[in-house]
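Q: Residue strings, one per chain:
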Amino acid sequence: MEITVDHARATELFSAYWDEDLAPADLSALEEHLKSCVVCRREYQTFKKTVGAVGGLDRVMAPPDFAEEVRARIRKRSRGRFFSPRKMAERIPYELFSLVMLGLILAIYIVLQLSHPAQLKLP
Amino acid sequence: MGGHSAPLAMTTLRERMLIRRLQQRDERAFAEVMRLYQHKVFNVVFRMVGNREEAEDIAQEVFVTVFKHVDSFRGDAKFSTWLYRIATNHTRNRMKYLGRRAYNTTGELDEAAERAAQDAQPSSMRPQTAGPDAVLEGLQLEKVVQEGIAALEPEHREVLVLRDVENLSYDEIASITAVAEGTVKSRLHRARLALKEHMAKHLGQD
Numbered sequence: 000m001e002i003t004v005d006h007a008r009a010t011e012l013f014s015a016y017w018d019e020d021l022a023p024a025d026l027s028a029l030e031e032h033l034k035s036c037v038v039c040r041r042e043y044q045t046f047k048k049t050v051g052a053v054g055g056l057d058r059v060m061a062p063p064d065f066a067e068e069v070r071a072r073i074r075k076r077s078r079g080r081f082f083s084p085r086k087m088a089e090r091i092p093y094e095l096f097s098l099v100m101l102g103l104i105l106a107i108y109i110v111l112q113l114s115h116p117a118q119l120k121l122p
Numbered sequence: 000m001g002g003h004s005a006p007l008a009m010t011t012l013r014e015r016m017l018i019r020r021l022q023q024r025d026e027r028a029f030a031e032v033m034r035l036y037q038h039k040v041f042n043v044v045f046r047m048v049g050n051r052e053e054a055e056d057i058a059q060e061v062f063v064t065v066f067k068h069v070d071s072f073r074g075d076a077k078f079s080t081w082l083y084r085i086a087t088n089h090t091r092n093r094m095k096y097l098g099r100r101a102y103n104t105t106g107e108l109d110e111a112a113e114r115a116a117q118d119a120q121p122s123s124m125r126p127q128t129a130g131p132d133a134v135l136e137g138l139q140l141e142k143v144v145q146e147g148i149a150a151l152e153p154e155h156r157e158v159l160v161l162r163d164v165e166n167l168s169y170d171e172i173a174s175i176t177a178v179a180e181g182t183v184k185s186r187l188h189r190a191r192l193a194l195k196e197h198m199a200k201h202l203g204q205d
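Residue numbers (numbering that gives the first Met the number 0), protein chains in the order written: chain A, 0 to 122; chain B, 0 to 205.
Misleading hints may appear alongside valid ones.
Stated by the list, open to error - Not the full set, but computed from the structure, chain A residues with beta-carbon under 7 Å of chain B:
(1) Ser14
(2) Phe46
(3) Thr49
(4) Ala52
(5) Val53
(6) Gly54
(7) Arg58
(8) Met60
(9) Ala61
(10) Phe65
(11) Ala66
(12) Glu68
(13) Val69
(14) Ile73
(15) Phe82
What the hints assert, rightly or not - Straight-line alpha carbon distances no greater than 27 Å define the calculated DSSO-like cross-link-like pairs of lysine-lysine that follow:
(16) B/Lys39 <-> B/Lys77
(17) B/Lys77 <-> B/Lys184
(18) A/Lys48 <-> B/Lys39
(19) B/Lys142 <-> B/Lys200
(20) A/Lys48 <-> A/Lys34
(21) B/Lys200 <-> A/Lys48
(22) B/Lys95 <-> B/Lys39
(23) B/Lys184 <-> B/Lys142
(24) B/Lys142 <-> B/Lys95
(25) B/Lys39 <-> A/Lys47
(26) A/Lys75 <-> B/Lys39
(27) B/Lys184 <-> A/Lys47
(28) A/Lys75 <-> B/Lys67
(29) A/Lys34 <-> B/Lys184
(30) B/Lys142 <-> A/Lys48
(31) A/Lys48 <-> B/Lys184
(32) B/Lys95 <-> B/Lys184
(33) B/Lys200 <-> A/Lys47
(34) A/Lys47 <-> B/Lys142
The hints are simulated quantities; they were obtained by calculation from the structure and are not laboratory data.
Think of the CB as a built atom: it goes at the ideal place given N, C-alpha and C, for glycine as much as any other residue.
Just chain A, with the same shape it has in the complex:
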């Protein structure tokens, strides 16, 4: 089915048209309309200039000491701890720590059993 667009509908489609996000039927209907409608064509030119102007804005750079200022804030808030090497207990996950401890207890138990064999009780 052929789609036709009026002025209002054409304006609604400008943004998606700019972003190349129109469905094929809408795309061809809008392009047909723009060919024949001088008002909408002029409106779209202004729309293009506007969005192009936003994209053409200068990138405003952070000041040269910005990273140092952030570092100073982090040090102050963490009272100097943030960039200190983390303690062993913080680096090893608890699950791994538990497994190692269990293994150690088991090893000690086996060693104790082997070095002190159970004594047979005679009747």
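Since chain A is already given, all that's left is putting chain B on it; use the hints.
A: Chain B in isolation, oriented as in the chain A frame:
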């Protein structure tokens, strides 16, 4: 017409390694994150608030938050998405606070336009080979654009800056702003039309 942006992706291997190093409090990783993102974050925040001093403070808080919560970053979105989300939230909160104090950006916008004249970054509005009249015209255009952005509704301003300044994809903006992609598109459309009206009014365009 504008081009398509890259689809939203998970963290890359390089990003994961960088974050891992950051979680281990490696100061070189901190320097790397700052090198990669400080100007992007600063620019986005500045374009949203239109005030350099506020932008500096907000952007610093963004990085403090990033480093404070880096242990909770799980990598289910790109690191930059997470970073932009924090930046957007901080900016939104600051704007609310400043709004309550009848904050005004006009003076800063003049200053921003003057600073842009001295900036070495090339601009399509201010060709390096242009004469004084063209430079002045470019500066006037920048000022009107920035004023137009500042006059937008906050949620419209966010999507406009993320899309048309930072060139992010719809789905990335949806993830950053926590709204549906359809909402991003409609907000963006309204923002662009409002800005078009503002520019027509102040530059005498049709």
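Q: Each hint should be assessed against the structure and marked as holding or not.
A: Hint by hint, here is what the structure shows:
Checking serine 14 of chain A against chain B by beta carbon gives a least distance of about 4 Å; that is within 7 Å, so the hint holds. For phenylalanine 46 of chain A, the suggested interface contact is upheld, since its CB lies about 5 Å from the closest CB of chain B, less than 7 Å. With a least beta-carbon distance of about 4 Å to chain B, the hint placing threonine 49 of chain A at the interface is held under the 7 Å criterion. Here the hint on alanine 52 of chain A is kept, as its CB sits about 5 Å from the closest CB of chain B, short of 7 Å.
Interface restraint check: valine 53 of chain A against chain B, minimum CB-CB distance 4 Å, threshold 7 Å, status holds. About 5 Å separates the beta-carbon of glycine 54 of chain A from the nearest beta-carbon of chain B, less than 7 Å, and the hint is met. The interface hint given for arginine 58 of chain A is met, as the beta carbon of that residue sits about 5 Å from the closest beta carbon of chain B, less than 7 Å. Because the beta carbon of methionine 60 of chain A sits about 5 Å from the nearest beta carbon in chain B, less than 7 Å, this interface hint is met.
The criterion of a C-beta within 7 Å of any C-beta in chain B is met by alanine 61 of chain A, whose closest approach is roughly 4 Å, and the hint holds. Hint status for phenylalanine 65 of chain A relative to chain B: holds, with the closest Cβ pair at about 5 Å, below 7 Å. Because the beta carbon of alanine 66 of chain A sits about 4 Å from the nearest beta carbon in chain B, less than 7 Å, this interface hint is met. The beta carbon of glutamate 68 of chain A is positioned within 7 Å of a beta carbon in chain B (closest approach about 6 Å), and the interface hint is therefore held.
The closest approach between the C-beta of valine 69 of chain A and any C-beta of chain B is roughly 5 Å, which is under the 7 Å cut-off, so the hint is satisfied. Hint status for isoleucine 73 of chain A relative to chain B: holds, with the closest Cβ pair at about 6 Å, below 7 Å. Look at phenylalanine 82 of chain A: its Cβ gets to within about 5 Å of chain B, closer than 7 Å, so that hint holds up. A distance of roughly 15 Å separates the Cα atoms of lysine 39 of chain B and lysine 77 of chain B; the hinted pair therefore holds under the 27 Å criterion.
Between lysine 77 of chain B and lysine 184 of chain B the alpha-carbon distance is near 21 Å, which keeps this suggested pair within the 27 Å criterion. Annotation: proposed proximity of lysine 48 of chain A to lysine 39 of chain B holds, straight-line Cα distance about 24 Å (limit 27 Å). Note on lysine 142 of chain B and lysine 200 of chain B: the hinted pairing holds, with a Cα-Cα distance of about 14 Å set against a maximum of 27 Å. Between lysine 48 of chain A and lysine 34 of chain A the CA atoms are separated by roughly 19 Å; this keeps the pair inside 27 Å, and the hint holds.
Annotation: proposed proximity of lysine 200 of chain B to lysine 48 of chain A holds, straight-line Cα distance about 14 Å (limit 27 Å). Of the supplied pair hints, the one linking lysine 95 of chain B and lysine 39 of chain B holds, its CA atoms being roughly 22 Å apart against a limit of 27 Å. Restraint check for lysine 184 of chain B and lysine 142 of chain B: satisfied, since their Cα atoms lie roughly 25 Å apart, inside the 27 Å limit. At roughly 23 Å between alpha-carbon atoms, lysine 142 of chain B and lysine 95 of chain B fall within 27 Å of each other, so this suggested pair holds.
This hinted pair checks out: lysine 39 of chain B and lysine 47 of chain A have alpha carbons roughly 24 Å apart, not beyond 27 Å. Proximity of lysine 75 of chain A to lysine 39 of chain B is assessed by CA-CA distance (about 25 Å); at most 27 Å being required, the pair is judged to hold. For the hint linking lysine 184 of chain B to lysine 47 of chain A, the alpha-carbon distance of about 17 Å falls within 27 Å, and the restraint holds. Annotation: proposed proximity of lysine 75 of chain A to lysine 67 of chain B holds, straight-line Cα distance about 12 Å (limit 27 Å).
Between lysine 34 of chain A and lysine 184 of chain B the CA atoms are separated by roughly 25 Å; this keeps the pair inside 27 Å, and the hint holds. Under the criterion of a C-alpha separation no larger than 27 Å, the hint pairing lysine 142 of chain B with lysine 48 of chain A is consistent with the structure, at around 15 Å. A distance of roughly 19 Å separates the Cα atoms of lysine 48 of chain A and lysine 184 of chain B; the hinted pair therefore holds under the 27 Å criterion. A threshold of 27 Å between alpha carbons decides the hint, and for lysine 95 of chain B with lysine 184 of chain B the separation of about 24 Å falls inside it, so the pair holds.
In summary, the hint linking lysine 200 of chain B to lysine 47 of chain A is supported, as the alpha carbons are separated by about 16 Å, within the 27 Å threshold. A distance of roughly 18 Å separates the Cα atoms of lysine 47 of chain A and lysine 142 of chain B; the hinted pair therefore holds under the 27 Å criterion.
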